[in-house]
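Next come the chains, spelled out residue by residue.
Number of protein chains: 2
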Amino acid sequence: MPNRPVLDFWYEFASPYSFLSALRAEALADEAGVTLRWRPFLLGPIFAGQGWTTSPFNLFPNKGRYMWRDLERQTTRNGIRLMRPNPFPQNSLVAARVALAGREAGWTPAFSRALFTAAFSEGRNIAEEAVLVAALRQAGADPGQALPAARSEEVKGRLKAETELAKSLGIFGAPTFVTGDGELFWGDDRLEEALGWAADGR
Amino acid sequence: MPNRPVLDFWYEFASPYSFLSALRAEALADEAGVTLRWRPFLLGPIFAGQGWTTSPFNLFPNKGRYMWRDLERQTTRNGIRLMRPNPFPQNSLVAARVALAGREAGWTPAFSRALFTAAFSEGRNIAEEAVLVAALRQAGADPGQALPAARSEEVKGRLKAETELAKSLGIFGAPTFVTGDGELFWGDDRLEEALGWAADGR
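Chains B and U, in that order, give the protein sequences.
Under full-length UniProt numbering, read the first sequence as residues 1 to 202, first letter to last.
Under full-length UniProt numbering, read the second sequence as residues 1 to 202, first letter to last.
Just so you know, these hints were derived from the structure itself, not from any lab.
If a hint is listed, it holds; no wrong ones were tucked in.
Residues of chain B placed beyond 10 Å of chain U at every Cβ, according to the derived structure:
#1 30
#2 35
#3 53
#4 58
#5 127
#6 130
#7 131
#8 142
#9 156
#10 200
What follows is a list of derived Cβ distance ranges for each label pair:
#11 B:140 x U:3: 49 to 57 Å
#12 U:64 x B:65: 23 to 31 Å
#13 B:122 x U:137: 53 to 61 Å
#14 B:73 x U:168: 19 to 27 Å
#15 B:77 x U:130: 41 to 49 Å
#16 B:51 x U:35: 38 to 46 Å
#17 U:65 x B:130: 37 to 45 Å
#18 B:59 x U:105: 36 to 44 Å
The beta carbon of each residue, even a glycine, is placed where N, CA and C say it ideally should be.
Chain B extracted, bound-state conformation:
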């Protein structure tokens, strides 16, 4: 379709609200006639820039307690299982590189959904190769190609560049949705509004 609007979906594999969006964004984007561009990045360097060495959900205990309870309610509403990953946050560096290695072949979204499910519905450790391999297989990707590609300098550089771009766009949390005209929408709660904005072509 010509001129189908695009919405960038910036997500972080360690982020609980990115998990919520990853499982519901594609169907809503289809309904809205919007193409979703899946853009994994790392929040760690962005948090470090404001003096945080871990997730704000760990730094601020009341906020963290609230978030896990809220996530229980949201997953119940969405009909999905929640199992809290341990440790939290997960180390998402390799996961993000693997996701970016699938950009040309097109399996990034399916791999990302599978890996988010492993992390937050099954409590798996996404830094483990076996967990990455299982998610790749679910996405129809070949682990024998994807894992070496994820370790290549090219893909490592790609993740650095994406994270730098996120920072320069003013992104400070995940998920963040960015429209073609540069509007930022932060949080799973803003997904519908972001799609509406993108679809209106504003």
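Once you have looked at the hints, place chain U on chain B.
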């Protein structure tokens, strides 16, 4: 009505998203058959407890820039005017005391709406007595009684106790909605969900 469910609406006069909720909560609560209990408190002491000396919207510039843009979008959607108060955040100590002085007479909600409008739609300084007096008059309250009451030890103690209670409930931001069974819902985005939870009597 017997056993009409109650939802506590914890708000801070300096908080932009409390402003959004204050202007729309009562109509939605009526629709849901829920009684809203207006509970002004101070976020300052709670922020101080986690080492913050000002609003997180000032501490984290990207978050602050995003918040003001988001607030522009939300007020446009809600059909209300936005004028950014200067300075931000406003000193809300006296405002919260005045609001609590109206609890028995029942003008706390009307006064709070008028003062939020002065702060965020007209850019007024809510620490100024003239601004408080105008909001009291709009709410049908007598400034000659309300202001001395707000300065009384009893009302000062009431605000301290409310803020302590908020902290002990695990409140870390505003607005926060708390149901009779102790569920917390943080943020203007969760107002509808909080009302639904309260109405279901869960």
